[in-house]
Every structure is written in C-alpha cells, then in structure tokens.
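Go by the hints and put chain L onto chain C.
One line per chain: the protein sequences are C and L, in this order.
Residue numbers for the first sequence, in my numbering: 51 to 513.
Residue numbers for the second sequence, in my numbering: 12 to 406.
Just so you know, these hints were derived from the structure itself, not from any lab.
Values in this document were obtained by computation on a predicted structure and should not be read as measured data.
One should not assume that every hint holds.
Label pairs and their calculated CB-CB ranges [said to hold, decoys possible]:
#1 L:Q241 to C:G219: 25 to 35 Å
#2 L:Q363 to C:A373: 24 to 34 Å
#3 C:K372 to L:T56: 41 to 51 Å
#4 L:D257 to C:A329: 45 to 55 Å
#5 C:A397 to L:E175: 33 to 43 Å
#6 L:P344 to C:K372: 25 to 35 Å
#7 C:D388 to L:W229: 31 to 41 Å
#8 L:P244 to C:T292: 50 to 60 Å
#9 L:S137 to C:P455: 50 to 60 Å
#10 L:S137 to C:G434: 40 to 50 Å
#11 L:D211 to C:Q413: 16 to 26 Å
#12 C:A397 to L:N279: 19 to 29 Å
#13 C:F272 to L:A356: 52 to 62 Å
Computed list of chain L residues with no C-beta within reach of chain C, every gap over 12 Å [what the hints assert, rightly or not]:
#14 P63
#15 K88
#16 P112
#17 T114
#18 A130
#19 D136
#20 E155
#21 T187
#22 Y252
#23 Q262
#24 V268
#25 H315
#26 Q340
#27 P344
#28 G370
#29 D379
Every residue, glycine too, gets a C-beta built ideally from N, C-alpha and C.
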Amino acid sequence: MSAPTDPSSTPPDEAAPDPGPPAGVSRRALFGGVAAAAVAGTAVGLGAGYGIGRATAPTTSSAAGTFAFTGAHQAGIVTPAQDRLYLAAFDVTAKDRDDLVALLQRWTTVAARLTQGLSAGPYGPASGPYDAPPDDTGEAADLPPAGLTITFGFGRTLFRTAAGVDRFGLADRLPAGLIELPHFPADNLDPARSDGDLVVQACADDPQVAVHAIRNLSRTAFGAATIRWTQLGFGRTSSTSTAQRTPRNLFGFKDGTANIKAEDATAVDEHVWVPASAAVDDPASAWLVGGSYLVARRIRMRIETWDRTSLREQENLVGRTKAEGAPLSGGAEFTEPDFDVAGRGGAPLIPLDSHVRLAHPDQNAGVQMLRRGYNFTDGNDALGRLDAGLFFLAFVQDPRTHYVPMQNTLSRDDGLMEYLEHTGSGLFAVPPGIPDGSLVVGRDGTPITTDASPFVGQKLFTA
Amino acid sequence: MSRSTTLGALTLAALVLPLAAGCVDNASSDDAEALTVSSTADACTVSAATAPSGTITFSVTNDGDDVTEFYLLGDDKLRVVSEVENIGPGITRDLVVQARPGTYYTACKPGMVGDGIQAQFTVTDSGEEVGPTGDKAEQLAAAEKQYVAYTKDQVGALIAGTQEFADAYKAGDDDTARELYATTRAHWERIEPVAESFGDLDPLTDAREADLEDGEAWSGWHYIEKDLWQPAPADNGGEEYVPLTDAERQQAADDLVAYTQQLVDEVNADDFTFEAFQISNGAKELLDEVATGKVTGEEEIWSHTDLWDFQANVDGARVGYEVLQDVVQQEDPDLSAQLDEQFTALDALLAQYGSIDEGFTYYDDLTDQQVKELAAAVDALSEPLSQLTAVVTAS
Chain C
51 MSAPTDPSST PPDEAAPDPG PPAGVSRRAL FGGVAAAAVA GTAVGLGAGY GIGRATAPTT
111 SSAAGTFAFT GAHQAGIVTP AQDRLYLAAF DVTAKDRDDL VALLQRWTTV AARLTQGLSA
171 GPYGPASGPY DAPPDDTGEA ADLPPAGLTI TFGFGRTLFR TAAGVDRFGL ADRLPAGLIE
231 LPHFPADNLD PARSDGDLVV QACADDPQVA VHAIRNLSRT AFGAATIRWT QLGFGRTSST
291 STAQRTPRNL FGFKDGTANI KAEDATAVDE HVWVPASAAV DDPASAWLVG GSYLVARRIR
351 MRIETWDRTS LREQENLVGR TKAEGAPLSG GAEFTEPDFD VAGRGGAPLI PLDSHVRLAH
411 PDQNAGVQML RRGYNFTDGN DALGRLDAGL FFLAFVQDPR THYVPMQNTL SRDDGLMEYL
471 EHTGSGLFAV PPGIPDGSLV VGRDGTPITT DASPFVGQKL FTA
Chain L
12 MSRSTTLGAL TLAALVLPLA AGCVDNASSD DAEALTVSST ADACTVSAAT APSGTITFSV
72 TNDGDDVTEF YLLGDDKLRV VSEVENIGPG ITRDLVVQAR PGTYYTACKP GMVGDGIQAQ
132 FTVTDSGEEV GPTGDKAEQL AAAEKQYVAY TKDQVGALIA GTQEFADAYK AGDDDTAREL
192 YATTRAHWER IEPVAESFGD LDPLTDAREA DLEDGEAWSG WHYIEKDLWQ PAPADNGGEE
252 YVPLTDAERQ QAADDLVAYT QQLVDEVNAD DFTFEAFQIS NGAKELLDEV ATGKVTGEEE
312 IWSHTDLWDF QANVDGARVG YEVLQDVVQQ EDPDLSAQLD EQFTALDALL AQYGSIDEGF
372 TYYDDLTDQQ VKELAAAVDA LSEPLSQLTA VVTAS
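Next up, chain C with everything else stripped away, as it sits in the complex (with noise of 0.2 Å):
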C-alpha cells in the first residue's frame, strides 16, 4: 500500500470508498504537511487554490520538505539548490497546437502534484482499477519529497524548426534572446546532446525523486513529446542561497563562491529574471517577462590528466586555492579577488588567465549569472576514462549579454580549458510560473488536469 511503514495509516481507498471520482490522496501525502495541505484544498473546493503561494525570495522546505509550485516565478531557480538533478530535453511531436497545450496542462499538473509530494495521478502507484497500470510509476512510494521542484522551459526550435518551419503557429513570439548559441572555441558538442523543444529540470535532494518526475513526465507525454536527452547530476557545485556551504566540482575545487545568491533580491532582479523593459525592445518576448533563460552544457572534464597536474598549476589555473577556496590574492573564501596584488617579478597573485579573473564580473561588464550546476559521471569512454565533468547550469536574464560573451572569453584564454571539452549544450526560454490559487483541483482537492487547467508558458498561447 501507499505507506506500508505505518499500517494504522487509513488507506486511501477507504477514505474515498467512492469509485467515481479520482480517490487516493496520495502514498507522501500520508508522511505529514502535505496532507494538510490537502484536507485545506478539499474544504475549499473546485478551483479553489492549491498549496502555499511563493514569493519572489525562495520560501524555504516546509516539515515535509516541499518548495511551492506555483508563484511569481518557477521554483528550481532561486530555490536553494538541491543536491541532485535529473534534466530532461524533449522533442515534441504534437501534431498542433492544441495537442501541445494539452501536454502542457498535463505537465503542468503532474508537476504541480509531484513537487507536493502526491502521485503522479489521483491513484497512486498501488490503487485504482485492478486491470489498469497504475498512475504513478511507484518508486517514489517510500521516499519524502525531498525538496522536489520542477522547472519547465522552451527551446528555439519549438517556435521554428531548424528548416524553419513554424509548427505551432508561434515563430512570431520568439524572443530575440533566443538565440541559436555560437560555436564557441573547442566546442566539440554531439547533436544527442543538445538542444530540444522543451527542456524538464528536476531537482531533489533525492535522486530517485528525481529520476521518478522525469519518468512520470515522460510517460505523461507519450504522443505529444518525446526525450531526445537527459542528464543526471549526482551533485551539486552551486550554492543559491547564503545557506549553504559552497560545493566542491570535480577538479576538487569549490565551485559558486561568487554565485547569485537568492537572497540578494536585487541582484536577482538585475541578472536573471526577464525585466519588463525587455519587452518593450522586442515585443515578442512579452510572454517571458518575470522568466528567466536557461543555459545548458555539458562541460566533460579531462580529469585524468588534470590529476596528474601539480598543486601550484591547479590554483593558478582556477586563480584560488584548494583548500579555502580564497582568492590567491589573499583572505578567505568570500573575501573578493584583488586583480591588482603583484607577486615575485610584478606578476599578479591571481594569474591573467586564470578562471576567477577572466570569469569574474568585473572582467565581463558587470553580469552576473545565477549558476545551478551539477557534477556528473555518464559511465567512461572507449579509453578507459571517466565521462565525467560539470553540467553547466545558468539561468540568465539575457543570454546575448550575460552568458555569450564570457563564453567567448572563457572558451579562448581561460587556462582552464585545457582540462575541459564541451560536449552538450541547449539554450531554454523559462516562462514565469503560474499564479497562486490558479491551480483546478479535483474533490480530493489535489490539482487535476481539464480543459481550464492552468499551465506553464500559458501567456505565450493567449494575450
């Protein structure tokens, strides 16, 4: 049953002995806060709201470990960073426009369930018709939401393929930031990898919680999308929150020191949501005000040569040192890099090509990126190597301003490059979220999908 650890537990199908209407609250539903959460929808009724509304600054977990899903913006941006990801690209193969509204709502739906840790549909992995699989996949059965959030977003090529076909009658709503990315130098990307209509971020402190939303989503889509690649993260390098200790990657060394922090409001506003003077420039992108943009890369690491490097090469190469992470100019981890300190023979402490200073904003006119990056192994090569690395993750306010040019620029001089090959990348357009109490919920007060169901990106099909 849904919550085999407590027997005493009433069982869904008794507490809806009704077989009409969609029954089971829910397998997590049973483990606390959430179910709360539900009764109060219940009482509220149809289309009433549903969860607790987000504010711009990240709300923290509540007891039960669940960030809001709906609010001004999608969570997985400025929500403290989980420790484990599992991202998804899919093409879609809807046929109209309606079909993918329709997957949409769908998503949208699912998403908003499985963040408050409910089933993916109103059953549940172990209840519903005896001859029917059931609605949840059920490996998540057992498990706490673990800070469940998933963020949706929309490549270039669902607006106009790469022949330049309009499927969807949406070309005219192309934001000018979405851009077809450069070759950057080095690239070597493989196609099956990269890019993709629509893109899927999970993220969890759990990694079979996130595997499982990938999984229920992509079963959600079957007929309308369809998974073109995914990347499993098993750790995370940034930190978004002041809450959090930095993260190590996996040359050794912390990584995200000088992230956007989500408590640093104005930077946020400044650097990674969509403003609505954007729209004013290219009215196209109206739909996305309040959104940000996703940048994706797989940035495989030549670790086995890097190992063999010396201790001295290594922290002159990222520019701090190993332990501390301190700028090689001096102080302590946060203490900010002084480009100008000189060493032995006039030569600055923090080497000219060294990551920090050609990375830094003041190198890169003053942008800034919220980075939400995961360390990754996909297995080894036909040499015997580990294919491992980071998996760059940047939400951005503009990525023509604030990603393209210190790519250009890290990719040419940063020394760094050397131990680091490109091999995937996607750029997302990432609509704001949807508003709170726009959720319709069923009688069990949990969200349903119908014909008026909210969904993610909605202002790009309407207004």
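Then chain L, alone, in the frame of chain C:
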C-alpha cells in the same frame, strides 16, 4: 542535505590525506615533520626552532597584510635551500623540503623586499638517509643547456622542412605536400611546449578548426591539412568543402613559414632559456597532448596522421626526461627506473605501427582495442612523469 555535505567532507579528507602524503617524496607521512609558520609585518614565528632530518613540512600562513615569501636558507644565510613565494594575506601554503642535519635559517619576507625576518633553525640527525644534493644546481644547468641545444636543432629542421612543404603546396604539388606534412610536423610536435611559451604562436601555427571562435580567421598547419585532405560534406558539417583559391594558398603557405620563422628567431635569441622545471613540465604536457589530442584522433582529423604526432610528442618528452635523468636518478632512483621502463614500453608499442621515417598506420585504420592499448600505455607513463617536476624543484 547536511548528511550529504558531511559525507562529502569525509570523502574529501580520505582522498586528500594519502595524496598529500604521496607528494612528500617517498617518505611516509608519519616521518614528515610538520611545522607551522606565521608571517606578519614584523614577525616570522616558526612553531619550533629545530626538527629531525628528513622530510620537513613548513605550513606557512600569511597573517600579515602584504604578500609574503618564506625561505629556508643555508648556514651562510644566503644560499636558498628552498622557498615558497607569492603567499597572499590569509593564505596558507606548504613548503616541503628534504633537509640534512645542520644549521639553517628560516626567513619570512613580508612585502617581498629586503633580507626578511630571519631566525636560526637546527636540523638534528634523525639517522634517516637524505640523498646528496651537492651538485644538483650544476646538473640542472647542464640539463637546461642540453635542452636548449635540442630545441635549436629541432626548429632548424622544422623551418627547412616547412619551407619545402610550403613550396610544394604553393606549386600545386599536393602529393609532395601530403608526403612532407607529417614528417615535418614531427619537429614541431617534439618541442610544442616551447612554442606554447611564446603565446600566440601556437594557435597561429597549430590551431584546429574547432579551436576557433565564431568567425575567427584560421591559419597554420591544420588549415592547409584540410585543403590537402579535403573532407566530404558529411565530415564537414554537411557543407561542401570549398578548396582554397590560388591566392589563399599562397597566403596560407607564406603565413605558415612566417610564423615558423618567428619561432626560430625566438629560440635563437640570445636571451632564450628554458628552465629545468619548464623542461619537466613540458615533458608532462607533451604526454597530456597525446592523451587528449592524438590518442583520440582529434589532432589530425583530415590526414589521420596522429601517430606521427604521437611519436614526436613522446620523443620530445623522452628528451626532456633524459636531460634531467642524472638528477632524477640521484634524487629518486625508483622514479627513474619506472620512467625508463614506461618509455621503453610505449616506444615498443608505437614501433608496432611504424616509425616517423617509414610511416605509421593511419589513425582511422586502428581498431578500438589498439587505441585503448595505446591510451593505457600513455597513462602508465604519464602518471610517473607527473612526479618529475617535484623531484627537479625539490631542495
């Protein structure tokens, strides 16, 4: 979340400890004497004024506001036994030395000026054997001289070959140009770390197409390579390859010769030196080049002459090691034996596929298994080779 960060920290500690111990020459970490040093504007506080002979680690923390340096000086207060420089405020860096019994002086140099703040430091006899180091400086100087001579010899052959290659290409004699391509490049590949030390010369001469920024002009060997081994559209991003015009050919050939001449001039300049640590680092980098470019077939994607480059990189690394061999044999005989063995094994494996003079198997004719075997031999050599610099720079 806290559970996993704790785990991460534990894993890291477990990884770091044996590695750090491994860096301390061959002495076990238990034997290593760890001392702390605090350097401020007016003090250089060493946690002890004496230590037993053998491996001694000074963990130097800059507690001042200026960049500092720390030295271990001989009993004349002048001879530098070992040093660690460029320590920024707040930063800690280790100095690991092999010290024999005797009188020394420790010195911090805040602000990197003056004689520093000195104090006597005594190394007592622990009975542990510490290798002789007397004539190391002379050996290193001899190594540098030999290596510079080797470099000059290689660039001499390179410019002559490049001129011949360029002439054939300009004259439209593509067969001759193709024949000369790989054998001439071997002279370049043998000394590539030297070329890389001259900044832009390396990309101008040896950039692959994928290395370029969008719209950046391309020049050098691989630009011509593509024109000599013109790809089918399927191997050219789906686009028909457009051969270079006569004018473009002349330009490409002249540019290649001009850039190569620049390298020749740099190497033959009076002030050209290549220090011992650059030689040892260069040897390691040559093997890294093999590991990331040649053994993967990415260097010569049109001509598939990767094994020529492979052999030349190994040749260059071997020379780098050989000029330093006296020092290595003296300081770390085990490492020397290991390097001898692995160089021999790799050369023997390569010999199965040909030679630079007689020609090699083309990369695209190698089986996956053969490539993997080559890669494993490169890794087997690279690992001990990466220890070379620490041996050369150790006191």
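Need the list of violated hint numbers for this structure, in ascending order.
Structure breaks hints 1, 2, 3, 29.
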